[in-house]
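Sequences are here, hints too, so could you generate the full structure?
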Amino acid sequence: MSQTPLESSAPAPKTAEDAFTANYWRLNRMIEEGKSWSGYERNCCFLNTGNGRFANISATSGFDFLDDARGLALTDWDHDGDLDLWITNRTAPRVRVMRNDTSSGHHFLAVHLQGSTCNRDAIGARAELTIEGEDGGWKLIKTVRAGEGFLAQSSKWLHFGLGDASRCLQLTVRWPDGTTEQFTDLDVDARYGIVQGTGTAKVWTLPPRELKLASSQPTLLAVTLQAATALPVPLPLPLLEYASFDGEPGTLNGRRDKPLLVNLWASWCLPCARELAEFSRRSDELRAAGLDVLALSVDGLGENQSTTPQDAQKFLEKLNFPFVSGAATAGLWNKVQIVHDQLFAMRRPLPVPTGLLIDTQGRLVAIYKGQVEVERLLADVAQLSSDLDAWRAAAFPFEGLWHDFPEARLMPLVTNLFDRNYTNEAIQYALQNRSSLAGDSRFPSVLSDFGREMAQRGDRDAAVELFREALVANPDDSETHNNLGVQLGLQGQLDKAIEHLRRAVQLEPDNAEVHINLADALRFSGQLDESGKHVRRALEIQPDMVAAHQKLAILLTAQGRPEEAIVHLRRAAELSPDDAALHNALGELLSRAQSWVPAIEAFTEALRIKPDFAEAHVSLANVSARTGQYQQAVEHYVAALESDPRRINAARRLAWILAAADDPQVRDGAQAVRWAEQAANLTEHKNPYDLDMLAAAYAEAGRWDEAVTTASYAIRLATAAGQVALSGQIEARLLLYQRQKPFTVPPAQ
Amino acid sequence: MAALPALQSPFQSLLTWCESSLAGARCLAMLLVVAVLPGCYGRQGNAPSVEATAVASGDDLGTMSTPMVAARMAEQADDLNPLADGWETEALSEAANRQLAVLAGLLKHPGQLDADGFAELLAEGFSCGKLCPEETLQAFGDEPLLVVRGVIDVTAVGEPSADAHRGVAGLLAALSVLLEPLHASTDVHAKFKLFNVDPSAESFTTRQFFSASGRTATGMVEQNATWLIRWVRHLRTAPPKIAWIGVEDFEQVTSRTSGGPLFADVTEAVLGANAAYREQLSYGTDYWLERIQRDFIKVTGHHGLAVGDASGDGLDDVYICQPGGFPNLLLVQQPDGTVRDVSAAAGVDILDLTYAALLVDLDNDGDQDLAVATGAQLLILANDGNAKFSLRTRASALREAFSLTAVDYDGDGDLDIYGCRYNLNTGPAGDIGLAQTATYYGAENGGNNILLQNDISLTADGAWRFIDVTAEVGLDENNRRFSFAAAWEDYDNDGDPDLYVANDLGRNNLYRNDGGRFFDVTADTGVEDLAFGMSVSWGDYNHDGLMDLYVGNMFSAAGNRITFQEQFRSEISGQDKSGIQYTARGNTLFENQGDGTFRDVSVEAGVTVGRWSWSSLFADINNDGWEDLLVANGFLTRDSTDDL
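Taken in sequence, the protein lines are chains A and B. First residue of the first sequence: 0, per numbering that gives the first Met the number 0; consecutive thereafter. First residue of the second sequence: 0, per numbering that gives the first Met the number 0; consecutive thereafter.
There may be inaccurate statements among the hints.
Said to hold, decoys possible - Here chain B is said to cover these stretches of chain A; the calculated rule only asks that three of the stretch's residues, wherever they fall, bring their Cβ under 8 Å from a Cβ of chain B:
| # | stretch |
| --- | --- |
| 1 | 68 to 77 |
| 2 | 102 to 114 |
| 3 | 142 to 155 |
| 4 | 166 to 176 |
| 5 | 390 to 399 |
Treat the hints as calculated values from the structure; they're not laboratory data. From the three backbone atoms N, C-alpha and C, an ideal C-beta is built for every residue, glycine too.
Listed below in structure tokens is the structure:
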């Protein structure tokens, strides 16, 4: 009914938007995996050369850093009369300060405006400066702004470069409130403060400055991949299982007495060995801190197959490792990677060693990529006993004030587990953390998706539970009511099914499919009239709805109105010409109405569509037999039995035709015996009818002794079962066999 | 079953990028700058298989390579293989680029060019004209900068010339003349950027920017040129070889500055004494992405800054915005030009993920108050006059706002705040900082920008009131775009501030202010600039008394290569195609005509190629009275150098 909204799943694209979205996710993923994208670009600087052109002076300017630059702000930081730059970067260093060292010899004028009747910062004030030059002078205009470029605010000082002009002819300030003032006799290479309405430009006195800024390349520290992160909000973990070296299963989940450090390591990894040795050496300290340690070997899980868990075990034995140890499963390792990828927007493959610190409630509280210092570990463990706020504050490397702490979001972990085919873990995780997830607007639809997935797998109990949960989260979701109703119906809980389907109909009265589902449930519970109403409503909504015509046909049949039923089923088959089952059903209805020729046409059509359609073969064989076309009947029974030799009724009818049809061309004793034996074997030679048939087959095959023995035994069974009529019939046939004559009456219908 | 939405314009159908290809994500990355991509066609050829190896690398860590990781790597290899896209021209570009990288490497020591190295690159019968044009004009000659440009008849570039240089010796001679000013330089940096490829059977032609620069005894020399190169390839597998080089334009800048470039890096001198610099700022975002959870820090690193005199001592200070978990930094300038981190004492050490901030006097009491745009809200803090700040209001309507601007739009004497919002709602893509959209051409499902009117005077309780007046003043028109930046300016010189908004993935907005009421006049004024708008700057670049407009966009070499291929969206009209080509062109300079319209003068002015441009500002860096341009660019520079 709806697309799966699971965020990072990439279903086969149906539309351009889908395809776009799928690719967009791939792009996001590649970014998270550390790909460059328009990276290594050098900042640009264009020099205005007049006459409408600019020259590229990026390199000459020295502004051409490879930084991923973002914000850029201008200010004459050092008050030497030109514009210096402050830049923020994504890359290191995340801030750069660039001093303008251009020795142009040009003049400048800097003006600071202060509003009186307009806003005090005079934002929006326009300053127009006329300086000496050709044609009576040049006009330069500047506006006081707060915020421009991208993410940046420059100084409020208006900075005019004056070139060679040695005189400012006039400065006009138009204040934001519309008043204007003019100033003349301003010196060049000077700074003025102008307060609105005073009519004077005051020379601004530079505060005492002792600048001593040496230029240098910022030193960037070597970056290690070793990283220890405490999670400000403890994270519930998905099911993580391991086995001890003896094969004892264990899990990292659930409550425990003490916090646990899980150390994922491999015997081929030197740093792991060093770390484990360190843990051993300082085991007393770790124990005293109240920490359990579990070393799980990942030997043999990756592509490095040079070592096995046994190597790991031997290493630990040699080390006399004082803590519990065992082997991780591939599932555990992958799920830890998924947890990591959900925590960090840089999804590198996890290194070994990786450490997980798990609190007494089974939640992840810290993750250590690479070796962790014992001191750091002890500090984290000690911090665990503090309250949540203190833990949270300590989890970040730097201090400061939070104004709005982002809510922890578990949904991505749920969807990522699901997308990586850890379906059961995803569902279990969603249900166990429903209270945390309830705030996520996607929670109901994710539960609903999980329900659908379980339904598709045939796990109706799980599907029902998930749909119910989804309804708790979103009680008015018609789709979920519908899906739940369908599953309950399939479970046979018809009353409950009807209740949910009625709710779905109420919520979505114009959805024909929902009406049909409700109609089905009603029909199963025997409410045929009510069922009919909803089918007809579905047909009103969607006159060409195949399922509606089909269901109506079923209802009409049940109500003893076969002619009308045939009309609707015929319509259904027309609308869905490639549906073999529909043609077959139409044939059934027609043959029940004894419209043999159209019935045969319908069955034949079904078989054209689906040549190995066993039911249609049987039906066509039945009608053929019924109309005396034995040869055709035999062919189709055989075809049906080829696909499934255990179809006992087909075998029986086939055997009877082959044994006793009145057309000698059709009879075939050997084949009759084959199929009759098959049927009799299936009923373990305990069914008198089957033995009667088998006897007839033996007789046709000329195996008179066996025919007599079998018929006699059949009579005894029939008599014992009180089937007097049957035993009488067999007795009559026994007489024939004793006279070495086959029985050649056409088989009963 | 979901019905397909009706198509609204020819462009709507153009969002079918990369629909079938496994390499779609790469196409998308390449052409994000181009808005739309055709099928990327079916896969051709075999993607290389990736051998994922398990290594105990280095001393610190072992790397586990599990099947899951290996599968990922294999997928990625598919994503990055241009042949898998069916773009043969991209494969040609890659091959040519590899050769160009070799060529650039050979130019490192112009005084002693290695003949053998060049021989490897050249096809038999190589020829070229003069690489340094014979005739040049001085375009600028104002100390300390000298600019000369070649006088070149572009129409004659491809024609055979009698005095052509031939063979390796010829190329060496041409290069020797070209690079003569750099002969003594020891730090020559040469680079090519290939932005156009024209294939034919045996040969193909590429167009690329050539740049070379280096220090000289008296300053620096920088050359920027556009070269046309014809390549021949005898075997598909062998690298192509250069048959001919022509020069379409040439510009050389010579600076005479004793200390090197015009700008000197004083970062460490200014910031170095602060722990925050050493411990926080000297590590890049990628370092922190490994250590701080994604709830707090985003890959895109959009954190800005505000300059203002927060301490009231007359010297400008700086407020630096940081990712979540890092305190924003108030850096107060000291008399010696260094800064002191006073964030905690000032009460502005906000840990929330912060995009932008403003230092402005919101209550007209003579000190600089602070507006801070965080992931969750806009925080407004009052300065008590001694650089101690206290929270006065929060506005969640301005959550996740990128650029902030302040202006008195209604002339009532106090500053109002306008913030740009990019994504409408946080979603999975927003989580890493990208656009939450499925449209790359004219997206209209972005965040709503907000204008908050300052109503401080009306409250007596100490809380500051700001009212969302966006809709009421007319600014909610066309206000669901992915806005990165905005800037106010009185473009029509009628005395009130008008507003220009740069939007990613679509059209920009120019709102004309008519006495506090706004009208979207973007189309009428000719400044739609349908591209990937990222920044706005106003300045009178031509001294006509009218404010002109510079918009930061993306120049994409890949986008230019692809959108000019015949194969690119062959089903659409030339007009539509040029619209798409426009999106990869780069930055735009709009000249104010004074009659209420603007004219796009970007190409003639030579200011398009700003790359992936963030802050792009007019700034008269040499005080000659003419507004120059600074473009801060680069999206994601990572350890892995193969760019998407």
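Okay, the hints, checked on the actual structure:
1. 68 to 77: holds (count 9)
2. 102 to 114: holds (count 7)
3. 142 to 155: holds (count 13)
4. 166 to 176: Holds: 3 residues of the stretch 166 to 176 of chain A have a Cβ under 8 Å from chain B.
5. 390 to 399: Result for this restraint: holds, n = 5.
Hint compliance for this structure: no hint is broken.
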